Amino acid sequence: MVEAIKAHNISYEYETAAGAVLAVKDVSFSVDDAAFMCVLGPSGCGKTTILNMLAGFLTPTKGEILIGGKAVAGQGQDRGVVFQDFAQLFPWRTARRNVEFGLEMRGVPPAERRETALKFLRLVKLEKFADAYPHQLSGGMQQRVAISRSLAYNPAVLLMDEPFAALDAMTREEMQKLLTEVWQATKKTVVYITHNVAEAVYLADQLLVLAAHPGTVKAQMRLDLPRPRDALSTEFVEAQREVLKHLVH
Amino acid sequence: MKALKTLGASALWLAAPFVVAAIVWELIARFGSFPPKLFPSLVTVADTFWKLATAGLLWVAAEATLFRLVFGFLLAAVVGVGVGIAMGRYQWAEDVCLPVVSMAYPIPGLAYAPLFVLWFGLGDLPAILLVAVASCFVVIINTWKGVKAVKPIWIRAAESMGARDRQLFRLVILPASLPYILTGLRLGLAQAWRILVAVEMLMSVNRGLGWMIFGAQEFLNTDVMLSSIAVIGFLGVLLEKQVFERLERYTLVRWGMMAA
Ligand SMILES: Nc1ncnc2c1ncn2[C@@H]1O[C@H](COP(=O)(O)OP(=O)(O)OP(=O)(O)O)[C@@H](O)[C@H]1O
Ligand SMILES: [Mg+2]
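Sequence lines, in order, name chains A and B.
Residue 0 is where the first sequence starts when you use numbering that gives the first Met the number 0, and the numbers rise one by one after that.
Residue 0 is where the second sequence starts when you use numbering that gives the first Met the number 0, and the numbers rise one by one after that.
Keep in mind that the hints were calculated from the coordinates and are not lab data.
On a predicted model such as this, the values are computed, not experimentally measured, just so you know.
Beta carbons are placed, not taken as given, at the ideal position from N, Cα and C, and that holds for glycine.
Careful: at least some of the hints might be erroneous.
Think about it this way: if two alpha-carbon atoms lie no more than 20 Å apart in a straight line, the pair counts; the simulated SDA-like pairs of lysine to any residue are [said to hold, decoys possible]: (1) Lys150/B with Phe56/A; (2) Lys36/B with Gly55/B; (3) Lys150/B with Pro90/A; (4) Lys217/A with Gly55/A; (5) Lys150/B with Thr47/A; (6) Lys150/B with Glu161/A; (7) Lys150/B with Arg96/A; (8) Lys147/B with Ala85/B; (9) Lys5/A with Asp77/A; (10) Lys144/B with Lys36/B; (11) Lys5/A with Thr47/A; (12) Lys217/A with Pro41/A; (13) Lys150/B with Ala165/A; (14) Lys69/A with Gly55/A; (15) Lys127/A with Pro90/A; (16) Lys150/B with Ala86/A; (17) Lys150/B with Leu57/A; (18) Lys150/B with Asp84/A; (19) Lys24/A with Gly55/A; (20) Lys176/A with Ser137/A; (21) Lys150/B with Gly55/A; (22) Lys150/B with Asn51/A; (23) Lys150/B with Gln83/A; (24) Lys150/B with Gly138/A; (25) Lys61/A with Ser29/A; (26) Lys147/B with Pro90/A.
Quick look at which bits of chain A chain B covers, simulated, 3 or more residues with Cβ under 8 Å [what the hints assert, rightly or not]: (27) 97–105; (28) 110–121.
Bound conformation, chain A alone (with noise of 0.2 Å):
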């Protein structure tokens, strides 16, 4: 199996006035190519830091990360990221021109731009509002629109920070529907954060969970439950007290 991620014991420390903050320690994980993975851990573990050092916004204290065989400086488009603020998509855009803007700045002409752009909002079931301005979607719709701009120009690698954690529980089941859809028919490489059990194990191939302050690897598992998962079934209930038990102990 090619690995699309690898990170090397990083760390990450944090200058503030009070002092240096470690929170991130000698962090190493891989995760396969194509693979979904999940990070898990309680609050303040350094998830979001390490999305963010994924992503190229922080550059490690400590320690490399390779992404597709090359070392990480800055932010690329060969990432996609997805936030978990709704306010990450442009207001004075349509959702169909949010969608376009990285491929507007590959320079590419405007038709093809705008074909891409349907054919994305079309894969989260949006393409009726392709000509709505974000203020005028819902929570979970902006968040589609999200995934679907991410994804647009193509990048091998999907970050997701919490996408769905403030969205109401039916939402946010439906919302993983759609985003295992979406990856399956992508073959992305997607790195999703969360603390929510339930949705690690719904959505995850590979699983990090992580121990706090400072943040370090708990353990790492693969989780190979059929898909389409049902949240019900015994082998999820199963694999949900296997994790939780990393969790606690």
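Given the coordinates of chain A, work out where chain B with the ligands should sit on it, guided by the hints.
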């Protein structure tokens, strides 16, 4: 029919404060202790307004004033937005400009007027430049604050999609700080009006609404003064409704960045 009625009702509401003010004015003019020459009845003012308008004098004055206003203000807008964005984005620009801007901002523009007369002589050029200088600081300050207030998540999102300097400016920072920029431009325009009317007196221009007001003082022509003041009011409302509110509806309101 019903629509017509509500339209009539809203027009009435709109007119009400003016009607009240007019009645108060008229009462003072007729029964107050001012001589009519100094506190003319609105009938006299309306009559004078009509005469000045039909003779073309008001238009000539308004045209001259608008010419100075528009050029001075546009200059302030371009420079102000440019400097403000640079200050918001680059630490060195902020370090260099902020002390100067914050010191110059509270100085009344009129204080520079004699200096400008000495440097540029009299006429339109110093008037335009003075309007530009007086109104650019408020544009700079608001633009700078607007750029500082741009949500970091928009910049992160844009950068992760490959946006760099120029694209980031044009496609993200500019639209994202538009609420503040528009506020700055509005305040800048108000500032431009304020200084221009005074400048027209000081710069010995030979046309303009401000010139007309001060010129009329010599002959106690209060009706002429009030006519010019009314035109300034009309033009102000016109610019607000036709330029700023339109721009706002087309951008901020449509984007949901401002309530309708
Ligand atoms: N900008 C910062 N400056 C200083 N310390 C920070 C900063 N951001 C995060 N930290 C610290 O680093 C640690 C990890 O933070 P991080 O945001 O990565 O956690 P997280 O796992 O994403 O938490 P959550 O689930 O609440 O989002 C925390 O202890 C936090 O206090
Ligand atoms: Mg977080």
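| message | Checking one constraint from the list: CA of Lys150/B to CA of Thr47/A, max 20 Å. Satisfied? | response | This hinted pair holds, its Cα atoms lying about 18 Å apart.
| message | Does Leu57/A sit within 20 Å of Lys150/B, going by the straight-line distance between their CA atoms? | response | holds, 18 Å
| field | Given hint Gly138/A paired with Lys150/B - CA-CA distance at most 20 Å | value | holds, 18 Å
| task | Verify the proposed pairing of Lys61/A with Ser29/A, using a straight-line Cα cut of 20 Å. | result | holds, 17 Å
| request: Quickly compare the C-alpha distance for Lys36/B and Gly55/B to 20 Å and report which way the hint goes. | output: Answer violated: Lys36/B to Gly55/B is near 24 Å, above 20 Å.
| Hey, Lys150/B versus Asp84/A, does the alpha-carbon distance stay inside 20 Å? | Holds - the C-alpha atoms of Asp84/A and Lys150/B are around 11 Å apart, at most 20 Å.
| query | Is it true that the CA of Lys176/A sits at most 20 Å from the CA of Ser137/A? | reply | holds, 18 Å
| said: Hint check: Lys144/B vs Lys36/B, CA-CA at most 20 Å. Holds or violated? | reply: Violated - the C-alpha atoms of Lys36/B and Lys144/B are around 49 Å apart, more than 20 Å.
| query | Given the hint that Lys150/B pairs with Phe56/A, does the C-alpha gap stay at or below 20 Å? | reply | The hint holds at about 15 Å.
| Under the criterion that the straight-line Cα-Cα distance not exceed 20 Å, is the pair Lys69/A, Gly55/A satisfied? | holds, 13 Å
| said: Checking one constraint from the list: CA of Lys150/B to CA of Pro90/A, max 20 Å. Satisfied? | reply: Holds - the C-alpha atoms of Pro90/A and Lys150/B are around 11 Å apart, at most 20 Å.
| query | Do the alpha carbons of Lys5/A and Asp77/A lie within 20 Å of each other, as the hint requires? | reply | Holds - the C-alpha atoms of Asp77/A and Lys5/A are around 15 Å apart, at most 20 Å.
Of the numbered hints stated above, those contradicted by the structure are hints 2, 4, 10, 28, listed in ascending order.
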